[in-house]
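Colleague: The listed protein sequences correspond, in order, to chains A and B.
All residue numbers in the first sequence are consecutive under numbering that gives the first Met the number 0, ending with 352.
All residue numbers in the second sequence are consecutive under numbering that gives the first Met the number 0, ending with 320.
Treat the hints as calculated values from the structure; they're not laboratory data.
Incorrect hints may appear among the rest.
Okay, the calculated bits of chain A under chain B, using three or more residues with CB under 8 Å as the criterion [as the list claims (entries may be wrong)]:
1) 41-49
2) 67-80
3) 115-121
4) 155-162
5) 297-309
Heads up, the beta-carbon is just placed ideally off N, CA and C, and yes, glycines get one too.
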Amino acid sequence: MDNGLKKFSRSQLVVPLFSLFLLIVFNLIRDVGFFSVIVTTNNEGNTVLSGNLISILNGASELAIIAIGMTLVTASSGGQDISVGAAAAIAGSVFVRVLRENQITMPIILAAFLAGCVVAIIFGSFNGTLVAAFKIQPMIATLILFTAGRPIAYWINGGATPTVSSSLLNYIGSFIPGIPIPTPIIIVIIFGVLVSLVLRFTNLRLYTQAVGINERSARLTGINAAGIKLLSFMILGVCVAISGSIGVSRIGLINHETLLLDIEMDAILAVAIGGNSLGGGKFSLTGSVIGAYIIQALTITLYAMKVSSTAVKAYKAIVIIAIVIISSPIVKEYALRLRGRLLGKPKEVTENQ
Amino acid sequence: MKKLISVVLILAMASGLVACSALTSKSKLIKVGIVNNPPAESGYRAANVADFEKVFTEENGYDVSTYYSLKNDEQLNAAGQFITDGVDYLLISAAATDGWESVLSSAKEAGVKVFLFDRMLNADESLYEAAVVSDMAQEGITAVEWLKSQKLDSYKVVHIQGAMGSDAQIGRTAALEAEFAAGTMTKVAQQTATWDEAEAKKIVEAVINSGEEFNVIYAENDGMAKGAVAALDEAGITHGVGKEVIIMGFDCNKWALRELLAGNWNYDGQCSPFQASVIHEMIQKLEAGEKLAEKKVISKERGFDATTITQADIDTYGLGE
């Protein structure tokens with residue numbers, strides 16, 4: 000037990016979980032009923048759950064999925080993909096284009112999603128090739144698509160805000176009749192389980208970390224380093240297509256300029272808050288997903304506190320700076336030493352060495 | 000042999016001259032340079048660009064070159080290039096309001112007549128013939144007047160703003176803000192969604208979760224109104240004509256106007272992108288040697304009420320498809 004606790008306190012999940020905990024406590028002090036979940040009937044006549052907790056889990060879905068892909072890219076390439084928002088706009092536009100040209104049925108929605116996936120994977124491979132084969136810094140390589148992506152998305156539909164409406168789309172973006180939990184939450188759970196199964200039963204995690212920690216030695220041990228990097232960008236492409244499709248289904252419209260706006264920054268932040276090194280190497284998907292929920296919880300908290308719209312970003316920045324500083328190695332080491340002194344175990348730090 | 004070549008050359012040159020003179024005689028066209036923002040910017044811009052493409056055609060007697068950019072410096076370069084190319088008229092929708100003084104002065108020296116459309120810019124009035132612009136503040140006033148005419152017992156408003164600092168946000172916020180300050184309406188929430196539909200949905204969700212009552216949603220564009228409505232639908236709150244919550248949007252996209260026609264929304268304010276025909280008329284006047292009456296022409300913009308809107312309105316004023 001004591002050993003388990005010690006292991007946990009070393010884990011990279013300490014800071015994100017602690018931040019989440021603080022946010023929850025803060026909200027409970029502010030308003031005891033903040034996280035209460037109530038059962039209502041929506042305008043479609045379905046019984047559904049609602050409340051801040053549901054809003055946070057639901058609203059963070061796209062971010063959580065992209066954060067998973069971003070973690071893999073970060074781990075393998077030691078850099079970040081800043082084109083995910085633009086790529087999501089492209090995938091979403093393809094999704095909408097296919098839907099608009101057909102009678103919307105479940106198979107068509109699936110086909111549209113797959114088409115979006117294929118296109119997103121192609122763009123992912125483009126980024127991946129630049130990074131893996133041409134050794135361009137990921138942020139520079141993806142800057143191209145970051146700039147060009149949203150105009151490309153516009154071109155796919157040739158109109159600014161094409162709409163699609165169908166009750167079937169509502170099943171994806173909001174609720175499936177008979178299931179009171181928002182579908183995006185369910186999609187995140189399914190996707191998260193799938194990815195962790197893949198990581199558990201294949202060498203992907205090991206290889207990704209090996210490439211991220213030392214590319215040359217990974218290559219010398221026979222790992223196809225470029226292939227692993229490319230693969231991580233392609234997986235991110237799938238994440239982007241899922242998120243884009245969810246985003247479109249929520250509102251029944253695609254606005255290529257605002258779909259998942261600024262999500263690249265939030266996704267990188269989620270990876271960082273999750274205790275992952277932005278320089279690559281070891282990673283924790285759980286941490287990144289928690290990071291995503293922290294960001295969303297923070298936004299909803301600020302909305303609930305009625306912070307004025309001009310100040311929201313400033314408040315967000317302050318909290319995030321605090322989290323990042325707390326999780327910095329300097330502060331961590333200091334905290335460990337402080338704890339050691341308080342508990343009278345000065346050996347704590349040296350134990351490491 | 001040499002003679003033959005020279006004869007051929009002379010013939011070629013002569014025919015070239017003929018071709019040139021044929022061209023010049025044909026070019027009674029009025030040369031127009033248009034500097035605009037790219038159509039991909041928004042639904043508004045797409046309609047704006049389409050409007051200019053429809054009016055400024057060869058059939059109407061124009062030889063048009065267009066340059067699109069979201070960046071002011073690129074626009075300035077393009078405008079300078081158009082002046083060098085010797086256009087007769089320069090039509091500008093500036094990306095930013097500052098920095099145009101010198102380009103407009105050189106246009107004036109070169110005898111190029113300048114029209115501003117869609118957006119004003121900081122330059123002396125003498126530097127352009129006329130400006131055909133939207134009055135965003137007026138759009139807000141029209142919308143708030145409409146809201147007041149609904150004679151509700153109380154106005155508890157959820158106000159969803161566009162990107163802070165944009166013209167549309169400032170103009171559309173001002174009128175409502177004045178009502179909040181005067182105490183005639185209650186501000187339940189006021190938050191920016193930066194034109195993002197999904198963010199608007201989250202904002203309204205947060206208000207619903209807080210348990211506070213509201214009966215009006217004032218969204219500064221159609222997309223955000225649609226996001227807000229999605230949140231209401233999920234929470235089982237009815238909206239539209241004669242329902243719990245009044246829905247107000249801006250921009251008059253066709254799909255939004257159809258929501259009005261169906262009674263799901265209550266009001267949509269127009270932001271007219273149709274300035275081309277007004278400028279066309281003014282150019283024709285100038286060509287005929289007449290003088291223009293006004294320096295600043297405000298586009299006629301109206302608000303649509305769900306109870307009176309018709310399919311014909313949607314066909315005429317709706318943007319997009």
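Colleague: If a hint holds in the structure, say so; if it does not, say that too.
Modeller: Right, here's what the structure says about each hint:
no.: 1; hint: 41-49; result: holds (count 5)
no.: 2; hint: 67-80; result: violated (count 0)
no.: 3; hint: 115-121; result: violated (count 0)
no.: 4; hint: 155-162; result: holds (count 5)
no.: 5; hint: 297-309; result: holds (count 8)
When held up to the earlier numbered hints, the structure conflicts with 2 and 3 and fits the remainder.
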